[in-house]
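Protein chains in written order, with full-length UniProt numbering: chain A, 1 to 335; chain B, 1 to 335.
Hints are supplied without guarantee of correctness; some may be wrong.
To be verified - A partial selection of chain A residues facing chain B, derived with a Cβ cut-off under 10 angstroms:
id : residue
1  : 149
2  : 155
3  : 160
4  : 162
5  : 311
6  : 313
7  : 316
What the hints assert, rightly or not - Away from chain A, derived, C-beta distances all over 10 angstroms, residues of chain B:
id : residue
8  : 5
9  : 19
10 : 25
11 : 29
12 : 31
13 : 56
14 : 103
15 : 105
16 : 150
17 : 175
18 : 213
19 : 220
20 : 223
21 : 259
22 : 283
23 : 317
Claimed, not checked - DEER-style ranges, computed between Cβ atoms:
id : chain 1 : residue 1 : chain 2 : residue 2 : range
24 : A       : 135       : B       : 38        : 48 to 56 angstroms
25 : A       : 15        : B       : 95        : 54 to 62 angstroms
26 : A       : 136       : B       : 261       : 31 to 39 angstroms
27 : A       : 3         : B       : 278       : 44 to 52 angstroms
Hint data in this document are derived by calculation from the structure and do not stem from the laboratory. Just so it is clear, CB atoms sit at the ideal spot from N, CA and C, and this is done for glycine as well.
Number of protein chains: 2
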Amino acid sequence: MTTIADIGKRLGVSKSTVSKALNNAPDISETLRKTIVETAVEMGYSKLRQNKKEQKKLCILVENMDYTNELHFGYQIIIGFRQLAEPAGYQVDVIPLDTAMQRSMGFDAFMLQRHYPGAFILGMALNDPWMNDLQTSHTPAVLYDNYIPENPATCYVGIDNSEGMNLAVKYLKNLGHRKIGYLSTSLGSYITQVRHRTFFSALRKNGLKSDPRLAGISFHVSECVQKHVPKLIEQGVTAIICCHDQMANATMVQCREAGLKIPEDISIVGFDDLPICAYTEPPMTTVRQDQLLLGKCGYQALESLLEGVPVGTLLLHASLVERQSCGDCGRVKID
Amino acid sequence: MTTIADIGKRLGVSKSTVSKALNNAPDISETLRKTIVETAVEMGYSKLRQNKKEQKKLCILVENMDYTNELHFGYQIIIGFRQLAEPAGYQVDVIPLDTAMQRSMGFDAFMLQRHYPGAFILGMALNDPWMNDLQTSHTPAVLYDNYIPENPATCYVGIDNSEGMNLAVKYLKNLGHRKIGYLSTSLGSYITQVRHRTFFSALRKNGLKSDPRLAGISFHVSECVQKHVPKLIEQGVTAIICCHDQMANATMVQCREAGLKIPEDISIVGFDDLPICAYTEPPMTTVRQDQLLLGKCGYQALESLLEGVPVGTLLLHASLVERQSCGDCGRVKID
Chain A
1 MTTIADIGKR
11 LGVSKSTVSK
21 ALNNAPDISE
31 TLRKTIVETA
41 VEMGYSKLRQ
51 NKKEQKKLCI
61 LVENMDYTNE
71 LHFGYQIIIG
81 FRQLAEPAGY
91 QVDVIPLDTA
101 MQRSMGFDAF
111 MLQRHYPGAF
121 ILGMALNDPW
131 MNDLQTSHTP
141 AVLYDNYIPE
151 NPATCYVGID
161 NSEGMNLAVK
171 YLKNLGHRKI
181 GYLSTSLGSY
191 ITQVRHRTFF
201 SALRKNGLKS
211 DPRLAGISFH
221 VSECVQKHVP
231 KLIEQGVTAI
241 ICCHDQMANA
251 TMVQCREAGL
261 KIPEDISIVG
271 FDDLPICAYT
281 EPPMTTVRQD
291 QLLLGKCGYQ
301 ALESLLEGVP
311 VGTLLLHASL
321 VERQSCGDCG
331 RVKID
Chain B
1 MTTIADIGKR
11 LGVSKSTVSK
21 ALNNAPDISE
31 TLRKTIVETA
41 VEMGYSKLRQ
51 NKKEQKKLCI
61 LVENMDYTNE
71 LHFGYQIIIG
81 FRQLAEPAGY
91 QVDVIPLDTA
101 MQRSMGFDAF
111 MLQRHYPGAF
121 ILGMALNDPW
131 MNDLQTSHTP
141 AVLYDNYIPE
151 NPATCYVGID
161 NSEGMNLAVK
171 YLKNLGHRKI
181 GYLSTSLGSY
191 ITQVRHRTFF
201 SALRKNGLKS
211 DPRLAGISFH
221 VSECVQKHVP
231 KLIEQGVTAI
241 ICCHDQMANA
251 TMVQCREAGL
261 KIPEDISIVG
271 FDDLPICAYT
281 EPPMTTVRQD
291 QLLLGKCGYQ
301 ALESLLEGVP
311 VGTLLLHASL
321 VERQSCGDCG
331 RVKID
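Bound conformation, chain A alone (with noise of 0.2 angstroms):
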């Protein structure tokens, strides 16, 4: 295994500048601090073996996700993190990330600087640059909503999304809709993507019609309601599931204003089960992320990756939560 005497050899710098480098000591240079990490991660020099006296600790990466108070999205998920991580005597550190910090240094890099074994990443799109990173990391990192093939150090943890479809599908296919439309927000994530494909497939599945033109993406909620609930109310679709719950209250307000009741002229279902779902107008049918659960689950999953067990997917299985946004199949009416 590689040692800081390797790595001074390397780099031929005595083994105390290396040291004092990997410790963030404040008398080196910022450049020869930044080559003697980047050396020691390409040589694989592990924080495992470092100090032993120090806390451990873990550290969520968040990008693109609010999460400082209860409404927001992230907040359940880093409270569930936090409830198994601390008592098993770890710190835990929220740490928001953006692209110019990622493009600053490696992933690998940055957790052997902060001398965090692990980290729970929350947010991160496809284009994110440490996401290729991950693709080749050594640093166990457990993803949300985020899959990387391939590489034994991260994990997937989320809520089973294929099975949240079907029964999003079957659903409405049990109160009579046989015409199903989908709005989303672009694919940009993997997440999005999964849903838009599972979309398809639970039509398929509950042997409704699967036709390209049943699904409306644009980049931003207003646009993609505006442009496209109009298009999927002309073909004759009697019900719509969005990607995300605000995109499905956007959805409601859009088709309120074309003259649509819901849901005696046509059916809502969200995705995610937002804290906002229950007090919506109507209160909305959703299908579920349990976030306490889904932190929980990070931490479990990261555990067994601190372990050495190469844990890759870690699904939780997806409910239904059926509130008023969603009737039996009426015909639909434009005044």
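Guided by the hints, dock chain B onto chain A, whose structure is given.
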């Protein structure tokens, strides 16, 4: 929640009779005991609230799988499960299953009557009677290599077969192979279906032509290789992936009988990494399932279900064990 008194009232028997039936007392008829247990299950009576004094116990139910010595596939799976369950205070009973036993009593009733709060189930085929029960059962059950959709009391544990198949196809493609065949036993189990499906998706993912004639399927291994190996060779296949290691070993024998050298003339990849793979002629390249870790994951998933966390899927990363049954793509010669 349902009590013993509720069950007695429904059936018009005393509380003590119900209690006797649920505790296997000898002074009660087999017919009455069966009726009481089935009614208890139907009414949602849960073992979890029974006598706390007795030792906690779990069962491993095994059908269609050998497990009694270290060369058997199930051996290490059971050891892995016990390595975590026993230190946690559980007695683990290993119970062989057959269809007659499954037909004589429902799954929930069996578990309730034997006082098992949860089960780890190995080797079930899709037509096993309890596979139906498991669609709607309430007793926590983790299934190795079987997926039950939409039942939050069940979890599927296995390796990521899609990833494993992709590793095998990519590996062969990198060796220059462009026409790869697949041999499988009957598609009567969840996992043979998954491997068959993922074989074709792996071909497509790697930019290779996918053609149904590239897969040969027969119930018996000997029939499969005798019938399909010549057909695959005739089609110009230069590599064959097999649904399991025994099939791969038989394929190597069959190829040699047809005058082909392995790996010079044809490459063979197995699935599972059984202990025999290191000693086949030549030693076999295969997709590994780490049985010990699978057993451990089985326990971890069952623990989650017992704690009310509806884990639905837990997959280990697959890996490819490179031995000597694959080589650079040459021209297939038939002498």
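Original post:
Against the structure shown, which of the earlier numbered hints fail to hold, in ascending order?
Top reply: 16, 23 and 27
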